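Student: Listed below are the residues making up each chain.
4 protein chains.
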Amino acid sequence: MSSNKIPVGILGATGSVGQKFIELLSDHPWFEITEVAASERSSGKKYKDAVNWILSSAIPEKIKELEVKDCEANLNCNIVFSGLDSSVAGPIEEAFAKKGYKVVSNSKNHRMDQNVPLLVPEINPDHLELVKTQNFSGGCIVTNPNCSTIGLVIGLKPLLDNFGLEEVNVVTMQALSGAGYPGVASLDTIDNVIPYIPSEEDKLETEPLKIFGKLDSDKIQSNEVKISAQCNRVSVLNGHTECVQVKFKNKPSKKEIIHAWRNFSAEPQKLNLHMAPMNTIYYLEEEKYPQPRIHRNLDKGMAVSIGRLREDPLFDYKFVALSHNTNRGAAGGAILCGELMISKGYIK
Amino acid sequence: MSSNKIPVGILGATGSVGQKFIELLSDHPWFEITEVAASERSSGKKYKDAVNWILSSAIPEKIKELEVKDCEANLNCNIVFSGLDSSVAGPIEEAFAKKGYKVVSNSKNHRMDQNVPLLVPEINPDHLELVKTQNFSGGCIVTNPNCSTIGLVIGLKPLLDNFGLEEVNVVTMQALSGAGYPGVASLDTIDNVIPYIPSEEDKLETEPLKIFGKLDSDKIQSNEVKISAQCNRVSVLNGHTECVQVKFKNKPSKKEIIHAWRNFSAEPQKLNLHMAPMNTIYYLEEEKYPQPRIHRNLDKGMAVSIGRLREDPLFDYKFVALSHNTNRGAAGGAILCGELMISKGYIK
Amino acid sequence: MSSNKIPVGILGATGSVGQKFIELLSDHPWFEITEVAASERSSGKKYKDAVNWILSSAIPEKIKELEVKDCEANLNCNIVFSGLDSSVAGPIEEAFAKKGYKVVSNSKNHRMDQNVPLLVPEINPDHLELVKTQNFSGGCIVTNPNCSTIGLVIGLKPLLDNFGLEEVNVVTMQALSGAGYPGVASLDTIDNVIPYIPSEEDKLETEPLKIFGKLDSDKIQSNEVKISAQCNRVSVLNGHTECVQVKFKNKPSKKEIIHAWRNFSAEPQKLNLHMAPMNTIYYLEEEKYPQPRIHRNLDKGMAVSIGRLREDPLFDYKFVALSHNTNRGAAGGAILCGELMISKGYIK
Amino acid sequence: MSSNKIPVGILGATGSVGQKFIELLSDHPWFEITEVAASERSSGKKYKDAVNWILSSAIPEKIKELEVKDCEANLNCNIVFSGLDSSVAGPIEEAFAKKGYKVVSNSKNHRMDQNVPLLVPEINPDHLELVKTQNFSGGCIVTNPNCSTIGLVIGLKPLLDNFGLEEVNVVTMQALSGAGYPGVASLDTIDNVIPYIPSEEDKLETEPLKIFGKLDSDKIQSNEVKISAQCNRVSVLNGHTECVQVKFKNKPSKKEIIHAWRNFSAEPQKLNLHMAPMNTIYYLEEEKYPQPRIHRNLDKGMAVSIGRLREDPLFDYKFVALSHNTNRGAAGGAILCGELMISKGYIK
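Going line by line, the protein sequences match chains A, B, C and D. Note that the working numbering has the first sequence beginning at 1242, numbered continuously upward. Note that the working numbering has the second sequence beginning at 1242, numbered continuously upward. Note that the working numbering has the third sequence beginning at 1242, numbered continuously upward. Note that the working numbering has the fourth sequence beginning at 1242, numbered continuously upward.
Treat the hints with caution; some may be incorrect.
Identical copies go unnamed one by one, so any copy, or any two together, can satisfy a pair.
What the hints assert, rightly or not - Derived lysine to any residue pairs resembling SDA-like cross-links, with alpha carbons at most 25 Å apart: (1) LYS1496 <-> ALA1299; (2) LYS1305 <-> HIS1500; (3) LYS1303 <-> GLN1510; (4) LYS1589 <-> GLY1379; (5) LYS1287 <-> ALA1314; (6) LYS1246 <-> GLU1508.
To be clear, the hints were calculated from the coordinates, so they are not data collected in a lab. Values in this document were obtained by computation on a predicted structure and should not be read as measured data.
Please build the complete structure, drawing on both the sequences and the hints.
Tutor: See the structure below:
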């Protein structure tokens, strides 16, 4: 390697999340992709021949000719970003951690493990300390939340901190890319809505409780906000839109809420992490906003756009939140976790 | 006219709701379209030359050559179905009523008038009596609810009757045809969601209270269920999908709810009205149902499809309801009102 | 069986073409579905449990409970309609023919076999005689053309007969349903065009030559019109749109062409076959027509809609043709073949 | 103005092409937007309040607060880029030229004027000389071709130069954004194709003849290649896809054609113009490419992607070409013209 960058490997490199990792890391100032690994079917091929590239950016030149390796824990890198399918991710990620690799995973398998941080750098950077309780010799596993969780918890964080939250109700309209590739059949999405995404509602009702939890010596005390989620698939390429209702411990004014969102700045901004959005949250005044096609790419697709805050007859307030599900909600969010780990000395 | 059918006129005949009236009435056993009326721009032309037909059925042969008239109250018919734009509907419909026409309107203008029934034949057929309090010499105005209201109130009716309702929360994903033609720009809907429909949430929060109201001598006592609504436009041609949460007065079992839906049968079925769906409500067992493209046309697009009933952490239950917004939610619903009026002797 | 109808079986009954067969045959006056057969994965289950029904009509009640059988040639019926995937259709269809079944297939496998009719009842009903040359004891195989071929050849037939054709150039914009289910990934079709459909252009350049061929005692002399085809997949549910250019042997006037289309009537109309469209071809005057969503369902989805006839600087004329790919272009076309076989005495 | 950049005004600044001009010029090294002008309805307002911004990038900060002016020829700038609607563009552009402004227009009004260059910097940079024959005191008008023309002529240029062209046949599948905003109704494009775009085919058949023409002292001798065009609107946001067939004067091999495309480099690359694509043409090997969603953004949306070159039974070859209709085909192409004018000394 010709640089001082940290060598990284991508697990599940040919999948849709894997491609996003490659796109976002292609010009990264701290990381350099040295290894791409995928299933047996791809291994041994050049990356450009193994992948069915579905992004609208071109495959980075330096990745095209890399040989795809097996997902065996003998890759030439310090850190691996995992976009593996959850059907195989669990044991592979563990094997890597045991061999001393820092594993940052976008898969669900280890998210709820007691000693694995479910990390959102703007929300719970202190949870990183949990890795010290992991029994891997030098390696570790850190996870990124589900793509529908991330927009919600970021939108809620300043509200939780400033006013306290009792109840959260959320109905999602989620993008097709959230299901990977080939994912959802076009016959199911043209002129249609699918009001069901397997196991998604459960994730959205439980992951925030861990993310908002308090680190108490070596374990997380779950937060106790009550959440109800309903998840729908709509005909959108990227960007999950969420209709959110909240009941506060101390009901603030509309103005106070907007102020809390607009002034929300956290660890990634302070540490000047590369993938950190300039503003983690944008509050948009126009009644018809946010919209996925218009706002999903704000700040490299890492910002959460919020709009339509208004009083609610059943809860206190309702609003609409939007975030990019494969940038903020998957690869971009995981890279931000990796950057935090460097910045905090967990990766050298 | 060569038949014993009741002659009807269509106001706003070239618009999208007007076209739906024409499609649904083309083979109707009780009604025969004798007049089509529209704005000045169209009047004097043959219908086929005035209309930009957007339905996938062909224009009925006998309508093609009809001359489009002005919306003046001198049409050769007893009853008019109005699909007029709300910017003009109010005074025109009144003018017709004053001249003795029975006006069945799909426009919002008179819906909340104190002496105008907001009629859903399965729910409040008794509200028809309100027309007796109208000051029109022989004429009257009857209205049909908003296209997003109808699926909701039908789904709720058996629950209200059997178990009592305290709170209702609804988030809609509404079809493009609900905005008429040209309506929503394609640049706004491709790869997008619009989380805002002007004044729609207000209708959805207030119309049900009148529909579920009690007729008390000559006025309606509003129902007191509390409703919160959030409305979104998605890329679907026809069919509004609604995520609904309910809190009951007396919480039933899941089984009892499904039983109430499946056994719901009402006035239109008893009276054997032509447009009445065989089953007003279908409860679908498959977790991924209902879907607009698959289920919107059930029973001539007049049935409401419901699925995914499950317990809710904040309310008692949540479920998904779907109904065809231009059939059940507009022209078809209005025709059913007309049929009820015949059956009850309000039209002869 | 409670009727005098001819018992039929559906091969590949759970697939997308199989479902269309079931939908179109559910009220058929001559045929009654007695058997549904599919792959091992489905066999033994009730149809409603085996199928992932994707049509907007409901599953016919009497089919729901049928047990799905293996595709073994021991079904209780006289005729089988095959919607089998081409990866398996060849030998299965042969096995059925050998056991005496009349096989009407929508699969490509036997289409170009020398003694198998590639049948379009409006065009080459005499080709049915080819089955007499087949070596099956009582059974036979008859095929239906590819879904993009059928609209083209029907549009060309009156031109060929009246004016002679030298060259045909066609560019298609084909519907998603043409690829079956799950078929095309939604990530490939949202906000996109795929300018390639494997082996489709070859079918479109060769099948018409056989269909337009002359039956010469026991074989088909291929027609010699020169055809060039380019095939694209667009985001449309049903209905293939084709931009066609033609060079004639004797160049007619625009008026003569339209007259030839509008007066085209053939065997299925004369024999009054059930699935026969009232008009096989509709010529539409409006410049913006035909459009798939508006015109694909004309005459039960069995008619071909044509519009925009105009002079061409390179060929003689150009025009746009549209036909429903799963009705006319698959199951409906195959059923029409079956009806012709009954009418001509090939099935009793 | 705080820079040495050339001050430019945008005519039609609130429209869809105007927005694209603003997006692409926001960081331009040579130009700085000092004026935004639009119709009376907008003038006097701040840009951010006048515009219905439809792009997925944010409105540039420095433009938001600019006051929208009338389209009167008294703007504070040297050059105006016009994205005016063709219903008003003609006389306004002339008025600006007469007052000494350099007008670079994307509107069709003056494209075919004898002394107005129809400019594609890669193809006919010498046509710029035509402005010397214009009777404007210091001002001039230069035009950019239609958005469907540009991809075609760029793809053809290396073929014309190397092998000579006799006939060109093209069928387009054009993006929604080509019709501006609100443009095409969503009800017309969901699950649909519109096989007609008013006056588009005529532009595509005539503009290339002028672009490929020879400048002969003070006028253009039209090229004599014969072109036939068929134009369709499909459900794609950006990017026109074109199926092209060509007949050569001297038929080359497939290899020679691909070589000609890949080695095509022209004036903008030599002059190192800012908006010049790195490669004007990309030839893609994968059979399923080019696709609008994947390739339209190559090289800032200024490159033309070509694929699927194959022999044709009627012409010599066929292939698929794709270009971004609002970048390369509108604002981006016009800016490139402006850059060429600077580089050649026409603007100082």
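Student: Work down the list of hints and note, for each, if the structure agrees.
Tutor: A quick look at each hint next to the structure:
For a Cα distance limit of 25 Å, the shortest separation of LYS1496 from ALA1299 across copies, 24 Å, qualifies, whereas the shortest one inside one copy, 43 Å, does not. When the C-alpha separation of LYS1305 and HIS1500 is checked against a cutoff of 25 Å, the pair qualifies only between copies, where the shortest distance is 22 Å, while the shortest distance within a copy is 46 Å. Taking CA atoms no more than 25 Å apart as the test, LYS1303 paired with GLN1510 passes between copies only; the shortest distance there is 24 Å, against 30 Å inside one copy. Taking the closest pair of Cα atoms, LYS1589 and GLY1379 come within 25 Å of each other only inside a single copy of the chain (11 Å); across copies the shortest separation is 63 Å, beyond that limit.
Within a single copy, LYS1287 and ALA1314 get their C-alpha atoms as close as 20 Å, which meets the 25 Å cut-off; across copies the closest is 46 Å, which misses it. Taking the shortest alpha-carbon separations for LYS1246 and GLU1508, only the intra-copy value of 22 Å comes in at or below 25 Å, while the best inter-copy value is 39 Å.
In the structure shown, no violation is registered for any of the earlier numbered hints.
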